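**Student:** Here's the letter readout for the chains.
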Amino acid sequence: MTSQMPSGEGASVDPSIPKRRLSLARLRRIPLPVRIGAFIVGVLILCAIFVPLFSADPYQLNFANILSPPSFAHLFGTDENGRDLFARIFLGLRLDLLVVAFVTYISLPIGLVLGAAGAYFGGKYDTVVARLTDIAISFPFIVLVIAIIAITGPGLKGIMIGVPVVSWALYARLARSEMLVLRELPFMEAAEVLGFTKRRIIFRHGIPNLIRNCLVYSTIDAMGNFLLLAGLSYLGIGVQPPAAELGAIIAEGQPYLLQAWWISTIPGLVIVLFGLGIGLIGEGLSDSGLVT
Amino acid sequence: MLMYVIRRLLFCVFVVWALATVTFVLVHLMPGDPVRLALGPRAPQYLVNAERNRLGFDNSLLTQYFSYFNKLLHGNLGTALSLGASVTYILGQRVIPSVLLISYGLFIAVLIGVPLAIISAVRPNGRADHGTRLFTTFVFGMPTFWLGLMIDLFFGLKLKWFPVSGYSSGIGGLFRTLTLPALTLGLSLVVLVTRSLRFNLIQVLNSEYIEAARSRGIAEWRIVLIHAMRNAVMPTFTILSAVIGFLIGGTVILEQVFQIPGVGSLLVQAVLNRDYSLVEAITLLAGTSVVVASLIADMLQAALDPRVRLWR
Chain P
1 MTSQMPSGEG ASVDPSIPKR RLSLARLRRI PLPVRIGAFI VGVLILCAIF
51 VPLFSADPYQ LNFANILSPP SFAHLFGTDE NGRDLFARIF LGLRLDLLVV
101 AFVTYISLPI GLVLGAAGAY FGGKYDTVVA RLTDIAISFP FIVLVIAIIA
151 ITGPGLKGIM IGVPVVSWAL YARLARSEML VLRELPFMEA AEVLGFTKRR
201 IIFRHGIPNL IRNCLVYSTI DAMGNFLLLA GLSYLGIGVQ PPAAELGAII
251 AEGQPYLLQA WWISTIPGLV IVLFGLGIGL IGEGLSDSGL VT
Chain F
1 MLMYVIRRLL FCVFVVWALA TVTFVLVHLM PGDPVRLALG PRAPQYLVNA
51 ERNRLGFDNS LLTQYFSYFN KLLHGNLGTA LSLGASVTYI LGQRVIPSVL
101 LISYGLFIAV LIGVPLAIIS AVRPNGRADH GTRLFTTFVF GMPTFWLGLM
151 IDLFFGLKLK WFPVSGYSSG IGGLFRTLTL PALTLGLSLV VLVTRSLRFN
201 LIQVLNSEYI EAARSRGIAE WRIVLIHAMR NAVMPTFTIL SAVIGFLIGG
251 TVILEQVFQI PGVGSLLVQA VLNRDYSLVE AITLLAGTSV VVASLIADML
301 QAALDPRVRL WR
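Protein chains in written order, with my numbering: chain P, 1 to 292; chain F, 1 to 312.
It is worth saying that the hints were derived from the structure and are not from the lab. Every value quoted in this text rests on a predicted model; they were computed, and no experiment measured them. Built from N, CA and C at the ideal position, the CB exists for glycine as well. Heads up, a few of these hints could be off.
[Said to hold, decoys possible] Here are a few chain F residues that sit away from chain P, every Cβ distance over 12 Å (derived from the structure):
id, residue
1, L39
2, T63
3, T79
4, L149
5, M234
6, S241
7, E280
8, T288
[As the list claims (entries may be wrong)] Partner residues aside, some chain F positions facing chain P, computed with beta carbon under 8 Å:
id, residue
9, R133
10, F135
11, A219
12, V243
13, R274
14, I282
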């Protein structure tokens, strides 16, 4: 965390100071693992966006060409219905990433604001937030999400409701613990003395200084949500067929594990690659001391 | 001390109550008739009505809520409509395989994770350290069901060392059927063990009492394995014991891959059959195990490490 001293470097939240430009020299200072990780994640995201636009139809059945191994015509082979796996896998990745981005980045602002405001105001409100956080963290995450799916029926709705119900709490806890420290710093007192509104102090001066750790944590959280989504779809209670989703494709390929290894193996490798990228980013950032 | 334990216990009760209420409200808000679902679409209406009456679905929501808690406090979790047996009985049967799988998995995680953590902490940023960290980063993003499938493909289908899936009791049967799932679970937990133990071990190895031990000429392996480990394992131990709670029911996906009749596969079955009393009961069981495990973790930590004072 950048320390906020009244003199010296100047607070990064001060709008009068121009934002530092993204230069090659600054880019070099980013640790190597983070750069590699960002590259992997970036390439996969680009593939997820663009491959389905140009590839074969992912829903096109072709019973003359089932279970064919990877070749130039079908880069990742075809599945038991003759559908092109290259197209299906990246379409599935696109769906996964969209859902994961939704559930992760809807929880983050909720937790962030609740936690930061709780720590800033203190007193009864803080106690309520802290207790609610404790309770939500004590909920058995996977089981609760599945229980919600039991009620909403198999599909994405259960995940989109169930995940944010619990995962805001971790951001709230992170933001709260940082705000408790931040609150006592001179620049926050200065903001108060200047008579800024509470809303302005929290949103303009508090949150910009504590959002960084939450953002870094959110990459790991997103990976967890990705695995959960793929896992639930694997179980058959997440994304429903014929929609393409990585976990569902792995489940579809399971009976053909010996005849057609590529159906289950390749989507798994895509998930592993994505996880590797996220892991490298997270590990590199926490190692370099960029985040506390 | 006593006050602290009481406060924590009250919190546990509160969490379980909150969870029970949340699931109760969710289940009763949803549309559709669970009795109709259980009896099938061709059951005559008078039978459905009688059954509804018997199970108390006709009472007001508040009455149902109180009677639900009344039964809960007497240890009665209701009847699993889809299986036609009492929930307590079914759960009792299903808990054992899950618990065995989890303990076996933890054992493997410690068996692999601790040596890895030690070799990587002894020389931070050395070659072994980089290898270990690459390995854990790699495993971190692996879906457990996919890892399970790959392990299955290799040890089950290609080498034929272990059966691909299933479950049988008895020591030999358990070893044969649980080794592959436990290996999968263990590998996914290795990340947790290695990361936290490595971090703490590096910190402890830099402390002054280790310096003092070195200057007394104690062998390096003794310093690492005995003097440093004693202080470094505590946080890992705490994390693991807290994780156990999340694993009850959290091994859903793994149990489904290997067809183990545990709590997790029961949960999936219950969801697909829309058996709400079963879903409610498993959610409660999982929640209870989470809070109890974290309570025990804190207590153990305080009991084993004199520096930890939870009460002040």
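**Student:** State for each hint whether it applies.
**Tutor:** Checked hints:
Residue-level check passed: F:L39 sits 19 Å from the nearest beta carbon of chain P, beyond 12 Å. The Cβ of F:T63 sits about 21 Å from the closest Cβ of chain P, beyond the 12 Å cut-off, so the non-interface label holds. Distance check on F:T79: its Cβ is at least 17 Å (rounded) from any Cβ of chain P, clearing the 12 Å threshold; non-interface status holds. For F:L149, the condition that its CB be more than 12 Å from all CB atoms of chain P is violated, with the nearest at approximately 6 Å.
In this structure F:M234 is separated from chain P by more than 12 Å, as the shortest Cβ-Cβ distance comes to about 21 Å. With 12 Å as the threshold on Cβ separation, the claim that F:S241 sits away from chain P holds: the shortest Cβ distance comes to roughly 15 Å. At the 12 Å boundary, the C-beta of F:E280 falls inside the reach of chain P, the nearest C-beta of that chain being 8 Å off. Residue placement check: F:T288 does not keep its beta carbon more than 12 Å from all beta carbons of chain P (closest about 9 Å).
The restraint placing F:R133 at the interface with chain P holds, with a minimum CB-CB distance near 7 Å, inside the 8 Å limit. A distance limit of 8 Å between C-beta atoms decides the matter here; for F:F135 the minimum to chain P is near 11 Å, and the interface restraint is violated. Nearest Cβ of chain P to the Cβ of F:A219: about 31 Å, over the 8 Å cut. The hint is violated. Restraint check, F:V243 versus chain P: the minimum CB separation of about 12 Å is more than 8 Å; hint violated.
For the restraint placing F:R274 at the interface with chain P, the shortest Cβ-Cβ distance is roughly 7 Å, inside the 8 Å limit, so the hint holds. For the restraint placing F:I282 at the interface with chain P, the shortest Cβ-Cβ distance is roughly 6 Å, inside the 8 Å limit, so the hint holds.
In the structure shown, a violation is registered for the earlier hints numbered 4, 7, 8, 10, 11 and 12, in ascending order.
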